[in-house]
Every structure is written in structure tokens, then in C-alpha cells.
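*Asks:* Sequence:
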Amino acid sequence: MRVRVVLAALVLLAASYAALSERWPWPRAAVRAPARPPTALPPRLIETSDTLRRGETIGALFGRHRVSGIDLGRLDSSLELDPRRLRPGLVFSFDRGPSDSLPSRVRVRSAPDRIITFERVANGWRAAAEPVRWTPEVARIEGAIDNSLYEALDQEVGDSTLGGGDRVRLAWDLADVYAWEVDFTRDIQPGDSFQVLFERLIGPDGEVRFGRILASDLSIGGKRLTAFRFDSAGRGAMYDAAGSSLRRAFLRAPVEFRRISSDFAHARFHPILGRWRKHEGTDYAANPGTPVMAAGDGVVLRAGRAGGYGNLIEVRHRSGITTRYGHLQRFARGVHAGSRVTQGETIAYVGSTGLATGPHLHYEFRVGGVARDARRVELGSGEPVPVSLRPAFERERRQLDALLHPSAAFPILAQRAN
Numbered sequence: 018m019r020v021r022v023v024l025a026a027l028v029l030l031a032a033s034y035a036a037l038s039e040r041w042p043w044p045r046a047a048v049r050a051p052a053r054p055p056t057a058l059p060p061r062l063i064e065t066s067d068t069l070r071r072g073e074t075i076g077a078l079f080g081r082h083r084v085s086g087i088d089l090g091r092l093d094s095s096l097e098l099d100p101r102r103l104r105p106g107l108v109f110s111f112d113r114g115p116s117d118s119l120p121s122r123v124r125v126r127s128a129p130d131r132i133i134t135f136e137r138v139a140n141g142w143r144a145a146a147e148p149v150r151w152t153p154e155v156a157r158i159e160g161a162i163d164n165s166l167y168e169a170l171d172q173e174v175g176d177s178t179l180g181g182g183d184r185v186r187l188a189w190d191l192a193d194v195y196a197w198e199v200d201f202t203r204d205i206q207p208g209d210s211f212q213v214l215f216e217r218l219i220g221p222d223g224e225v226r227f228g229r230i231l232a233s234d235l236s237i238g239g240k241r242l243t244a245f246r247f248d249s250a251g252r253g254a255m256y257d258a259a260g261s262s263l264r265r266a267f268l269r270a271p272v273e274f275r276r277i278s279s280d281f282a283h284a285r286f287h288p289i290l291g292r293w294r295k296h297e298g299t300d301y302a303a304n305p306g307t308p309v310m311a312a313g314d315g316v317v318l319r320a321g322r323a324g325g326y327g328n329l330i331e332v333r334h335r336s337g338i339t340t341r342y343g344h345l346q347r348f349a350r351g352v353h354a355g356s357r358v359t360q361g362e363t364i365a366y367v368g369s370t371g372l373a374t375g376p377h378l379h380y381e382f383r384v385g386g387v388a389r390d391a392r393r394v395e396l397g398s399g400e401p402v403p404v405s406l407r408p409a410f411e412r413e414r415r416q417l418d419a420l421l422h423p424s425a426a427f428p429i430l431a432q433r434a435n
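Just so it is clear: in the sequence shown, position 409 is 426 by my numbering, and no numbers are missing.
I should point out that these hints are in silico values taken from the structure, not numbers from a laboratory. A quick note: this is a predicted structure, and the numbers were derived from the prediction, not measured. The beta-carbon is built from N, C-alpha and C at its ideal position, and this holds for glycine as well. Treat the hints with caution; some may be incorrect.
What follows is a list of derived Cβ distance ranges for each label pair [what the hints assert, rightly or not]:
| id | residue 1 | residue 2 | range |
| --- | --- | --- | --- |
| 1 | D171 | V394 | 28 to 38 Å |
| 2 | E216 | G114 | 14 to 24 Å |
| 3 | D200 | G223 | 37 to 47 Å |
Given the sequences, and given the hints that come with them, work out the whole structure.
*Replies:* So, in C-alpha cells, the structure goes:
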């Protein structure tokens, strides 16, 4: 009987304790979990960089670092890494562990926005591509053009904003914007000026490169020329303030030239033939190997040797227009009779073949078989922004114009949303 009473009292006490614990939790002794062994950090890789030298094969470069078994010729085409087109100066990184004698990872920046990584696996190597994320920033510059456009831009843009090579790109891209409006070799006058709004790209490691021109304003010979970038029909193009495209059917000059060595004229004294001869084109002096662009969309009539022209390409365009490109060093890959070309596409490279005393491009513009001065013909008006996109164009134009012509001091760099 006493045992039953004691058991009942213990049961009541346990129930009361449980109920009190739910309302007012009692402090309990901490229960120490069993200690876990510390997580071992992966060993830090040792990186060695090497550069592909001029005339060197990729196999020789890999051999210096005892890397074998990577067959670039059998890579997935989506990786876009052709060993036959790897340029000298390409930097490869070889990573290995502290205790490893051979690299376990190879990386190469195959393009500005792409890194190819090779990882050593049990049965060889695994290749993958990863994108490089670039953050866009907007920069605005302005200044006077006293001599050339490049010299003016080079003076206003410091190395901290753009490197020397990118400053050249900026100058050429700006010249391309106004290629149909301005002859930068003859139209520049003292007192001319420029304002440019452009995009520069910042890489994850702080690398800086030129992106694209967003808007610009030139004052040339008292004439004001404004341009705004707008994405129309799935691609970006430059338009004037009224929404008309600055692109014309033909380029004024199909090559980046140093100077015009012989203008279009009825007759000139030929330096090789030693006699007066009708000159039916324009000669653009340029370094050997300078890319030659198609002046307009068309079909190649011929691409081969043609007497005094040397290596010649002739392109047929609409409305009975043909263009000729002579004294070429070589033709671009895939360019032959019957192939289609688009405006601005590289079709050949400057040379001095045929009756030429030095490297230059001989360019002819013919209408109905009659030679015309390519820098004097009417190139037509630009296509306007489609009616359905006019409201979007006006919004973009106002935003760019406010940055291009600020009412107050504008910081040299500003973040631009994608």
C-alpha cells in the first residue's frame, strides 16, 4: 500500500514538473555535442603564367609546362578555340598544387568576354568556357580639334580612363559614326570641337576596355553634327536628333588610311609607266596588311589577279553601282566570285601588287560603268527609326542628351544601368 502511494506521488510530481516546464522553461545543463574534426581547406594552387610567342605552336607552349593530352583540334566547336588562329601574346595560366609536379588546371582568356578552363580528370582533361562579367560605366569627354581627331581624343583621355589601344578604337569608332558626313582628312579646321559620351567596361580584376559610343556632338566648320545610339531592328545604330540613321548605302572610305596619296582626277603622271594616264579612283596610303572593307552590301564579281591592278576585288551593288579594290596583298577568307559581302565587312588587306610603288588601296566607284569620285557622290539619306519605336527613341535620346550636354558639372565616370 505504501509503495503504491509513493509511485502515485512520483507520477504526480513528474506531471507537474512537465507542465511547469512548458510555461516557464527551467534552465537545463548544456549538452555538449561531440567534437567534429576541423574541415581541411583545399591546398592553395600555385599559378604560373606564360605567353604564346610569335611563330610558336600551342604544343610547344604546353610542352614547356609538361602538359600533355590536350587536343585543341578536337574541342567542342562551341568553345571557339581554334589552335590555328591563336594570336601571339595570348597568356596561359598553369595551376598546380604545392606537392604536384604537373599542372592540374590550364586557363586562357580566349576573348575579352570568355575564359577557357582545362581541368585534369581521371581520363584526361575536361574543357569548359565561362563568361567574363564586365560592368559598364559611362564617360564623357570634350575638347578642341586642333590637328587630328585622334590627337584631340588622346589629349583628353588619360591612361586611367582608357589605354592607348582603346583610345585608338575610340577615335576610329567616332570617325565611323560620321563616315558619311565628314572627311576627317580635309574637313577639320582650327576651332572645331567635340563632345563624346562613351561606355567603358570594367572587368572583375579591374581591367578596363572600351565599350561603345553612346552619343556625340561635333562642331566641324561651323556645322553641328549630333549622333545618338539606339537599338532598332535587333541591333544598335546611330541616329541624328531627328531619328534618321547616319548609315548610308556606301562608306566614304573603305580603309583606315594615313593619307590620300592620289586623288580622283582625269589624268595624272603614272610613276611606273612614266606617262600621263587617266586616274579613275582614289589611292589611300596605308600600312601593308591594313583591313579593306566592303564599301556597301553586294556580290563579288571577281577576286583575283587583274593586270596593273594586281590583286583585285570587284563588287556589284544595287542601281548599277560597282566598286573596285586594287593592289591588294591578299583576300579575306571566304571572299571569292559569287560570295555576298556586307558593308564594313573585311574583304581583303592592303598591299602593293600590280603597278604600285608602295602599299596603298586603289578604290574605284563606278555608276553604270563610269568612274565617279567616291567622296563626292550622293550617298542618299539614312533610314529613320520605325514609327512604332519613335516613343522609345525619344526617351533614349533625351536621356543621352542630358548626359552629353549637362547643365552642371558632370563626373567623368558614372554608373550606367544595363
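*Asks:* For every hint, state whether the structure bears it out.
*Replies:* So, going through the hints one by one against the coordinates:
1. D171 with V394: 28 to 38 Å: 32 Å, holds
2. E216 with G114: 14 to 24 Å: Given a distance of about 40 Å, which is not inside 14 to 24 Å, the answer is violated.
3. D200 with G223: 37 to 47 Å: For G223 against D200, whose Cβ atoms are near 39 Å apart, the range 37 to 47 Å holds.
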